[in-house]
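These protein sequences, in sequence, are chains A and B. First residue of the first sequence? That's 71 in my numbering, and the numbers climb one at a time after it. First residue of the second sequence? That's 71 in my numbering, and the numbers climb one at a time after it.
What the hints contain is simulated information worked out from the structure, not anything from laboratory work. Take these hints with a grain of salt, some might be off.
Since the list gives no way to pick out one identical chain from another, each pair is judged satisfied if it fits inside one copy or across any two copies.
Said to hold, decoys possible - Straight-line distance between alpha carbons at most 25 angstroms, and here's what the computed DMTMM-like set of lysine to aspartate or glutamate pairs gives:
id: 1; residue 1: Lys91; residue 2: Glu80
id: 2; residue 1: Lys178; residue 2: Asp147
id: 3; residue 1: Lys341; residue 2: Glu309
id: 4; residue 1: Lys372; residue 2: Asp147
id: 5; residue 1: Lys371; residue 2: Glu337
id: 6; residue 1: Lys146; residue 2: Asp129
id: 7; residue 1: Lys204; residue 2: Glu264
id: 8; residue 1: Lys336; residue 2: Glu309
id: 9; residue 1: Lys371; residue 2: Asp147
Protein chains: 2
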Amino acid sequence: METRPYVSWELINNFMIDVFKAYGVPEADAAICADVLLESDRRGIESHGCNRFKPIYLDRIKNGTLLPVTKMDIVKDTPTTVVMDANNGMGMVASHRIMEMLIEKAAKYGMAGGAVYNSTHYGIAGYWTSMAEKAGMIGISGTNARPSVAPTFGVEPMMGTNPFTFSLPTDEEFAFDFDCATSIVQNGKIEFYERMGKPTPAGLVVTKDGGTMTDSGKILKEMRAGNCALLSIGGLGEENGGFKGYGFTTIVEILSSALAGGPYLKELSGKDAEGNNKLYRLGHFFFVINPEFFMGLDTFKKTAGGICRGLRASQKAPGAERIYTAGEKEHLAWLERKDKGVPVGEAIQKEFIALRDECGLDYRFPFEN
Amino acid sequence: METRPYVSWELINNFMIDVFKAYGVPEADAAICADVLLESDRRGIESHGCNRFKPIYLDRIKNGTLLPVTKMDIVKDTPTTVVMDANNGMGMVASHRIMEMLIEKAAKYGMAGGAVYNSTHYGIAGYWTSMAEKAGMIGISGTNARPSVAPTFGVEPMMGTNPFTFSLPTDEEFAFDFDCATSIVQNGKIEFYERMGKPTPAGLVVTKDGGTMTDSGKILKEMRAGNCALLSIGGLGEENGGFKGYGFTTIVEILSSALAGGPYLKELSGKDAEGNNKLYRLGHFFFVINPEFFMGLDTFKKTAGGICRGLRASQKAPGAERIYTAGEKEHLAWLERKDKGVPVGEAIQKEFIALRDECGLDYRFPFEN
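Put together the whole structure using the sequences plus the hints.
If you want it as structure tokens, here you go:
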């Protein structure tokens with residue numbers, strides 16, 4: 071049962087656009103960025119939605135690690151590929167532009183691939199793959215991020231939580247949208263365990279002595295001190311397939327930087343040797359595949375939908391309510407929220423009010439009544 | 071310490087080619103198939119090497135579920151894509167042909183994608199991605215397989231162990247070769263645990279009651295009876311990221327059949343309703359990406375190599391011997407074996423002798439002395 075007050079999609083969208091503009095982001099770019107953040111809220115993925123508006127975007131514009139005006143240099147452009155230098159502008163604006171280019175290329179040539187470097191946080195990876203999916207194509211994307219994941223048999227945070235994301239068209243009401251980090255969890259999940267007073271399951275985090283840690287509060291403290299690292303899907307060691315998750319995290323690390331020749335691993339820490347903020351210089355990759363150049367979109371959709379329906383209808387474990395396919399929970403969140411708007415908790419309410427006052431904007435939020 | 075006798079690469083290669091020929095496989099095709107199987111042995115992946123020669127290929131040619139002559143129909147051919155009907159011939163021959171076509175397309179256009187349907191077991195997925203890598207390109211491939219993996223919250227074997235495989239060029243002696251099933255383990259690993267008298271770790275297998283099972287002998291028995299299923303990376307439930315592994319397995323299931331419109335899930339059981347053998351009708355997909363259409367192969371190799379070196383040099387867990395990157399163990403296996411040949415255990419020795427006699431061939435194996 072949701073206890074937080076809802077804010078309408080329209081109001082929050084207009085508000086975010088106006089604040090972005092006040093921070094120097096051009097209006098068209100501000101509209102893209104607000105839409106990307108709100109898409110996360112539409113899907114019920116609250117870790118990447120309006121909660122990140124201030125800390126990950128506005129605060130970084132303020133501290134100079136994120137430039138509000140995105141100068142995009144196309145350094146390579148072939149019939150099927152693009153490489154873009156985003157010049158440390160808005161990663162979401164750069165990603166939007168490159169996806170538009172790739173969709174056009176894949177419409178003509180069937181396959182397209184792009185890489186962005188010198189970029190910043192690009193929001194939920196699924197926004198970009200969904201752009202392809204809405205155009206009737208397969209979208210694939212990934213990004214690197216600041217180092218927090220240790221390799222198998224290692225203890226040092228080396229790689230980002232590196233999402234590897236796929237949108238596959240289906241003949242259903244919702245696509246097969248697989249959008250998640252290749253680490254088992256992100257920091258946000260451990261914060262969630264802490265708030266619930268719950269231990270973190272064993273094997274999600276590795277400590278300097280090679281063991282794991284389950285005290286959620288302690289994990290957060292040690293993580294900040296660099297004394298523990300997250301683990302990729304499969305967890306600690308090799309026995310449960312930890313090297314497979316480690317492999318996927320590494321694939322994303324490589325594709326995110328090697329196609330464009332950008333920085334990687336510890337170079338992405340966002341801090342210089344003295345601990346001062348520095349530019350993030352993130353890299354992203356994007357592939358678009360057009361089923362019309364195979365056996366057609368209808369065939370693809372029908373087959374993909376058939377697989378999803380088959381999986382959901384298969385025998386459930388006793389006590390299990392239902393079997394989901396990727397994108398289904400996000401679709402259900404949208405159905406729940408589309409008429410109501412975004413639930414906004416107290417911390418975000420305060421941020422919104424402060425931002426409105428700071429920018430001298432004329433908004434009145436429903437939670438102020 | 072290896073105790074099995076070695077057979078030279080040349081002898082075993084010639085022998086396999088001659089046996090394939092005796093089974094009706096044309097000479098050029100036989101050479102491809104022998105090379106694919108031996109590549110697995112070269113990498114030390116014994117589950118997919120000469121041990122499979124008889125049960126997975128020759129026995130299936132005999133029972134009519136694998137046709138020795140591979141009629142390949144190209145049903146779609148564009149500058150960047152190919153769809154091929156393999157007409158239930160040798161999956162390895164079809165995959166070799168399509169990869170040759172895709173590498174040529176990616177050399178010209180930068181990106182290429184292919185799908186094969188009505189196919190059969192295609193050997194190690196890594197063989198196909200390595201073809202791209204040897205041509206200075208990125209290779210990506212996956213295949214469906216008979217149902218053995220249950221979805222998250224499910225208990226029924228629905229999907230194959232569906233490998234998702236990537237070869238990424240590096241500036242090192244070996245590429246980043248990531249080649250593995252998206253399930254935590256395959257049957258072969260549980261057979262290995264049984265032989266060692268060891269329990270299977272909890273969470274790798276789900277039983278009909280939704281729990282797990284660790285008695286390796288019992289798992290194998292119940293698996294054959296369809297009473298338990300394998301799980302994707304991340305294992306049982308959602309807590310350890312099981313839905314992420316389930317997502318990857320599903321992506322491979324979808325791409326393997328939807329691009330070509332081929333069958334999926336339980337249709338791939340290889341058995342009809344009466345339990346008789348039927349055609350497998352497997353599907354595979356292949357993507358080839360040419361770094362020269364991004365910032366160049368040298369840039370890609372140097373960056374990818376830098377990431378691999380950085381990971382291997384990172385802080386190890388106390389007691390951990392070393393940190394590996396994907397493809398490294400396989401490279402070490404090759405260095406160990408290249409002058410010695412293939413270690414052949416007793417069961418395979420007997421198979422080889424019986425095959426030689428059956429085909430009336432004139433080979434003498436070193437283990438017969």
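Within, between, both or neither: Lys91, Glu80 at alpha-carbon 25 angstroms: For Lys91 and Glu80, only the intra-copy Cα distance (16 angstroms) is at most 25 angstroms; the inter-copy one is 70 angstroms.
First find the shortest C-alpha distance between Lys336 and Glu309 inside one copy, then the shortest across copies, and answer within, between, both or neither for a cut-off of 25 angstroms. neither (27 angstroms within a copy, 28 angstroms between copies)
Regarding Lys341 and Glu309, is the shortest C-alpha distance of 25 angstroms or less found within a copy, between copies, in both, or in neither? neither (35 angstroms within a copy, 32 angstroms between copies)
Pop the pair Lys204 and Glu264 into one bin, within, between, both or neither, using alpha-carbon distances up to 25 angstroms. Neither. Shortest intra-copy (38 angstroms) and inter-copy (48 angstroms) distances fail the 25 angstroms Cα cut-off.
Evaluate Lys178 and Asp147 at a C-alpha cut-off of 25 angstroms and name the case that applies: within, between, both or neither. For Lys178 and Asp147, both the intra-copy (14 angstroms) and inter-copy (14 angstroms) Cα distances are at most 25 angstroms.
Regarding Lys372 and Asp147, is the shortest C-alpha distance of 25 angstroms or less found within a copy, between copies, in both, or in neither? between (34 angstroms within a copy, 22 angstroms between copies)
When Cα atoms must be at most 25 angstroms apart, do Lys146 and Asp129 count as within-copy, between-copy, both, or neither? neither (32 angstroms within a copy, 51 angstroms between copies)
Can you give me the call for Lys371 and Asp147, within, between, both or neither, at a CA distance of at most 25 angstroms? between (30 angstroms within a copy, 21 angstroms between copies)
Classify it for me, Lys371 with Glu337: is the Cα-Cα distance of at most 25 angstroms met within a copy, between copies, both or neither? So Lys371 and Glu337 pass the 25 angstroms test across copies only (18 angstroms; inside, 41 angstroms).
The structure does not agree with the numbered hints 3, 6, 7 and 8 stated previously, though it agrees with the rest.
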